[in-house]
Each structure stands twice: as C-alpha cells, then as structure tokens.
Amino acid sequence: MVINAPRQTSHLKREILIRLIKAFYTDDFGENARLIPYQMRPKDFEAPYRCCVYKERAILRDRTIAGLGLSIEETDDSIHMAELAKKVLDREQPEEHPLTVLQTACKGCVPSRIYVTDLCQGCVARPCVNTCKFGAISVKNGKSVIDPDKCKNCGMCAQVCPYQAITKIIVPCESACPVGAIAKDENGHAKIDFEKCISCGKCVSACPFGAVHEKSQIIDVLKNIKAGKKVIAMVAPAMFGQLPCSPKQLKAAIQQLGFADVYEVAQGADITTQNEAKEFEERLVKGEEFMTTSCCAGYNELVDKHIPELKPFRSDTKTPLYYTAEIVKKEHPDAVTVFFSPCVAKRREALKTDTVDYVLNYEEIGAWFIAMNIKVEDCAESEFKTESSAEARNYAVTGGVAKAVKTLIPEEIPVYPVVVDGLNKQSIRDLKKYAKNGVCELGNLIEVMACTGGCLGGNATVNAFKPALKQLTNYVNESKSLKEPDEAAESK
Amino acid sequence: MDKKISVKVCLGTTCFVMGSANLQELIDTVPAKYGDKVEVSGVPCLGLCSIDWEFSKAPYVKVDDEVIKEATVEKVLKAIDERLK
Numbered sequence: 001m002v003i004n005a006p007r008q009t010s011h012l013k014r015e016i017l018i019r020l021i022k023a024f025y026t027d028d029f030g031e032n033a034r035l036i037p038y039q040m041r042p043k044d045f046e047a048p049y050r051c052c053v054y055k056e057r058a059i060l061r062d063r064t065i066a067g068l069g070l071s072i073e074e075t076d077d078s079i080h081m082a083e084l085a086k087k088v089l090d091r092e093q094p095e096e097h098p099l100t101v102l103q104t105a106c107k108g109c110v111p112s113r114i115y116v117t118d119l120c121q122g123c124v125a126r127p128c129v130n131t132c133k134f135g136a137i138s139v140k141n142g143k144s145v146i147d148p149d150k151c152k153n154c155g156m157c158a159q160v161c162p163y164q165a166i167t168k169i170i171v172p173c174e175s176a177c178p179v180g181a182i183a184k185d186e187n188g189h190a191k192i193d194f195e196k197c198i199s200c201g202k203c204v205s206a207c208p209f210g211a212v213h214e215k216s217q218i219i220d221v222l223k224n225i226k227a228g229k230k231v232i233a234m235v236a237p238a239m240f241g242q243l244p245c246s247p248k249q250l251k252a253a254i255q256q257l258g259f260a261d262v263y264e265v266a267q268g269a270d271i272t273t274q275n276e277a278k279e280f281e282e283r284l285v286k287g288e289e290f291m292t293t294s295c296c297a298g299y300n301e302l303v304d305k306h307i308p309e310l311k312p313f314r315s316d317t318k319t320p321l322y323y324t325a326e327i328v329k330k331e332h333p334d335a336v337t338v339f340f341s342p343c344v345a346k347r348r349e350a351l352k353t354d355t356v357d358y359v360l361n362y363e364e365i366g367a368w369f370i371a372m373n374i375k376v377e378d379c380a381e382s383e384f385k386t387e388s389s390a391e392a393r394n395y396a397v398t399g400g401v402a403k404a405v406k407t408l409i410p411e412e413i414p415v416y417p418v419v420v421d422g423l424n425k426q427s428i429r430d431l432k433k434y435a436k437n438g439v440c441e442l443g444n445l446i447e448v449m450a451c452t453g454g455c456l457g458g459n460a461t462v463n464a465f466k467p468a469l470k471q472l473t474n475y476v477n478e479s480k481s482l483k484e485p486d487e488a489a490e491s492k
Numbered sequence: 001m002d003k004k005i006s007v008k009v010c011l012g013t014t015c016f017v018m019g020s021a022n023l024q025e026l027i028d029t030v031p032a033k034y035g036d037k038v039e040v041s042g043v044p045c046l047g048l049c050s051i052d053w054e055f056s057k058a059p060y061v062k063v064d065d066e067v068i069k070e071a072t073v074e075k076v077l078k079a080i081d082e083r084l085k
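Line order of the protein sequences matches chains A and B. Numbering (the working numbering) for the first sequence: 1 to 492. Numbering (the working numbering) for the second sequence: 1 to 85.
Calculated from the structure, these hints are not laboratory results. Be a bit skeptical, because a hint or two may be false.
[What the hints assert, rightly or not] 30 Å max Cα-Cα, derived BS3-like pairs, lysine-lysine:
hint: 1; chain 1: A; residue 1: Lys22; chain 2: B; residue 2: Lys33
hint: 2; chain 1: A; residue 1: Lys375; chain 2: B; residue 2: Lys85
hint: 3; chain 1: A; residue 1: Lys470; chain 2: B; residue 2: Lys85
hint: 4; chain 1: A; residue 1: Lys480; chain 2: A; residue 2: Lys318
hint: 5; chain 1: B; residue 1: Lys57; chain 2: A; residue 2: Lys470
[Claimed, not checked] Examples of chain A residues toward chain B, derived with CB under 8 Å:
hint: 6; residue: Ile18
hint: 7; residue: Ala158
hint: 8; residue: Val160
Backbone N, C-alpha and C fix where the C-beta goes; we use that ideal spot for every residue, glycine too.
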C-alpha cells in the first residue's frame, strides 16, 4: 500500500488556498475571492478535466467555499462571493462538522455494485450461478447476468469466476470509510452521516475527484493575526517531516507568518507519556488485561461513537495537544491558539477543547508560505524554549507512542505493545473483539493510529511518507532520549 | 554520447508543497534505472515560481535546459528517454 500517493486533486486544493490567502491580503477580499475561478480558468482556456470552463469554474467556486470554511452543500449558488467572505470575516468560531462534499463531482462515480464484464465466456462450469446464494445470476445469450433486485453485493461470484470476468465496482469514498459513514444518496450524491463519521479523513484521500473537502479555518486565523492578536502556533511532531527545512527554520518561518510564538506539541506529548505510563502501571496492578492509548483523535471518535464497550480500556490520559494548549493558555491567557495538524480528526478534538481555538493543516500552512513568498529553506533558525524528548517527537510515527510509554514503565511490569497501524474494517473488528473478550491475546499496551504509518500518513500531510519519515527520524535521533538523557546529550 | 543528462528537481518551498515532495523518489530511482548516463539531484529554488502566478504550474523540474512544468515522475522519465533516443 502506498501512503500519501501523489494526487492532482491536492494541487487544485492547494492552489485555491494560496489564491484565497493572497485575496485576503488585498483591499477587496470578497471581490478577489470571487475572481479565483476566473483566474484559474480564464476565457478560451481549455478545460482540463470537465466538459467546459463554465462547469470547471462552478466547481472551483465550490472548492473556494470550502476554503472559506463553509459547507458546500448548504451554500446556495446564487449567493455572491463577497457576501460569503463577509460572513466568514464576521464569524466567531468554525463550523461544527469539519468535512463538506462537493456533490457535483460525485456524478463521475457509479453506485457500488457487482458487474459482469465482457470477459465472461458463458462457460459450462458456471461457478457464479452455482455459488450465488441468492439466485441472482442466470445465463442469458451465453453470458452471466445479475438480477440487481436479488444481488446482495456479497462478491462471491467475482471470487469464483475462473476468468476474473466479474468485478465489484466500488465507490472509493464508501470503500475507504471504515465505519460506513459516507454513501451515495438517492440522487447519486455522496453524503456524510455525521452521527457515524469519525473524521478520520480517509474519504478525503480516497476520492479521485477531490470531492471531500476540509472546511478551512485559514481565514479565521488570518483575521486574528491581522487584528494584532497574540496568535500562538502549536506544532504537532509530524510537521517536522513536512517541509524542506530544519525544525528551527520552520519555527522562524512560522513567526514570519505573524505568529507571536511557536510551541512544539511534543512538549505535551512528554506529559502524555508520563501520565499514560503511570496509568498503565496502575491498571495492570489492579488486574486489568490491557489498555489502549488515547492520543489519536480519529480513534477516540471511533470508540465514542462505535465501540463504547472499549471505553473502559482506553487510557484516561489526555492528548499531547490538550496538555500543550493548557501550558500555552497558562503562560499566555490572552493568546489565540492554533494547532498545526496532519489530519482532519484533530479539528473535532479542537472543537471539544476550550483551550484550542483553531486548527490548520499542513496543506494550509504550505499554501500560506507560498502566498507570502516565504522560502522556509532560506529562513534563519529560531530556538524552541522547551526541549522535548526524542520519544515525544517520535509520536507521529506508528509505534512511537507505545514505545515512549514503554520507556517509562518499571522493568518488573511486563509490557507487550501491540500496534494498530491504521483503522480499517478488519482492525475495527479486532478492537471490538478485544473489548468483548476483555483481553487481547497479542499484548497489553495497544497503540491505535487511525492512519497507516501514524500521523505522517495523515490526510493533510504534504511530504511523501518515506522522506517525511527520514526527516523526522533525523530530528528524533538528535533529540535527548527519556531513557539515557546524559548519554544522548554527550554523543551530540 | 559523453555528456551526462542533468535532472534538477526543485525542492524549494513552493515546488515542495505543490508536489515535488513526491518527486524525491526520482533521486533514488533515476540512477538505478539509467546508471551514470543521468545525473539527478534535488536543488534549492530554481526561481521559476516567483513570476506572477507561476506558482500554479509548480512543481518544476529541469532536464538539461528544458523546464518541465507541473512535473510528475512520468513526465520527467519521458523527457530523459527522449534525450537518450
């Protein structure tokens, strides 16, 4: 499986963000936001993806609306962009649900079903007819035909066909969603059921038309900076693998955007590690069989909405973001706090956390640097006030959290980490089983990451997985370890 | 042919965010495929993104003197193959 495969849709989304940020800094934000689709698809421009420039402009307008942080579904086409821009400038806080679907793009997908292709040879064995438990397949004119009223989409016929002539047509967003929260409605438009949605962002990455958008909070942040507020950035560890610069250069670059200060969320991760190690020890002494981590927002939503029976096994320790934001608000009660996130799930966590005001993802930060013409690789270095541990900085990599917690658990307590590297239908079944049986046969400290690869595989990351891992690992290796602080410092 | 083909993948901020992050694999795969016929490297900002709205055509890759806009792995490999013909 390729994590963070390149997508042309990301290019489009990022271009819109850059233009939107540039528009914000002009004298007439509303008018310049309105012009974005026309600048991207001028007259006589050959439409690269759709029937004509007019349709492309309409779609780019919808994408711009997501960039403004509004719901595409709920925004009427007839409302002038200047009016929408004003609405965004006046709003006090971001909208509740972080995702929105550009439904016009859904026309390209046919509903999920089993389909007999031309490769069908009308063979004598006919395993498809014989395997179907629902009597949905018959042979007409020498080819297998599926009766859609009887077919239950089980896919058995596709598995047994000796010619591989039967295929399952999938809808990528539906297929990627681990909890069945997105599906085509009667009009063929994908619709998110927010009661079920865990904000894992898998549909955002999966849709080949880039139809699922995060509602951006970039304008809200720009507005606060422009108003001269003390805006403070809290940067998750995954960010240090994202851009072509050193962590200290990144800090300086972020300050150039207008942030008053930059905190590493690894600082909070060090507190999470301590508390979680203590909690694990207590739970095991009490006789509990296993504990799961609780730092991944997508996983937390999964447990809250779909596996409540797992709640007693999930650690009560707060997330690195929670502790970091607490520190920032304590040191700067007047600050507006912005979390730099690799994924959409953290937007939900931020909404529930009073101390976190806004969330920006790495695509938005990248777009912001481009819009302001800040070259991160040329920035001077700016020191972080607090040094975080190597283990905390490694939270962004799958297995990193369990590894950190294990470091602080006394040797006499047996720790067997189990890593759930990405949520999907299978790993969710496994987790349900552990909760039901009250035991996990594979180990006793279960780390759950919604994204494969950990936060570096988040839906809103910029760098490819492998180079991001290499870059972050270099940073981790030059940081002090919790285990042997003195030795690591000497070898520097 | 004596002269090596030069491939420069721009790793400046703009190109990186707009997609050259995914072109970094060329730095490993090109030498493996073409041996010493091609010299490939990641380079600092080539300065192609700064004019007007040209950021929208990033990422840029230079194959000898040819500038490839909106570069992808496929486009770059095709340009190399053209030169080796």
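Hint-by-hint comparison with the structure:
A hinted pair counts as satisfied when its Cα atoms are at most 30 Å apart, and Lys22/A with Lys33/B does not qualify at roughly 41 Å. Taking the CA atoms of Lys375/A and Lys85/B, the gap is about 37 Å. The hint is violated against a cut of 30 Å. Note on Lys470/A and Lys85/B: the hinted pairing is violated, with a Cα-Cα distance of about 35 Å set against a maximum of 30 Å. For the hint linking Lys480/A to Lys318/A, the alpha-carbon distance of about 23 Å falls within 30 Å, and the restraint holds.
For the suggested pair Lys57/B and Lys470/A, the alpha carbons sit about 27 Å apart, so the restraint of at most 30 Å is met. Hint status for Ile18/A: holds, given a least beta-carbon distance of 6 Å to chain B, under 8 Å. Restraint check, Ala158/A versus chain B: the minimum CB separation of about 31 Å is more than 8 Å; hint violated. Hint status for Val160/A relative to chain B: violated, with the closest Cβ pair at about 36 Å, above 8 Å.
Consistency note: the structure conflicts with the earlier hints numbered 1, 2, 3, 7, 8.
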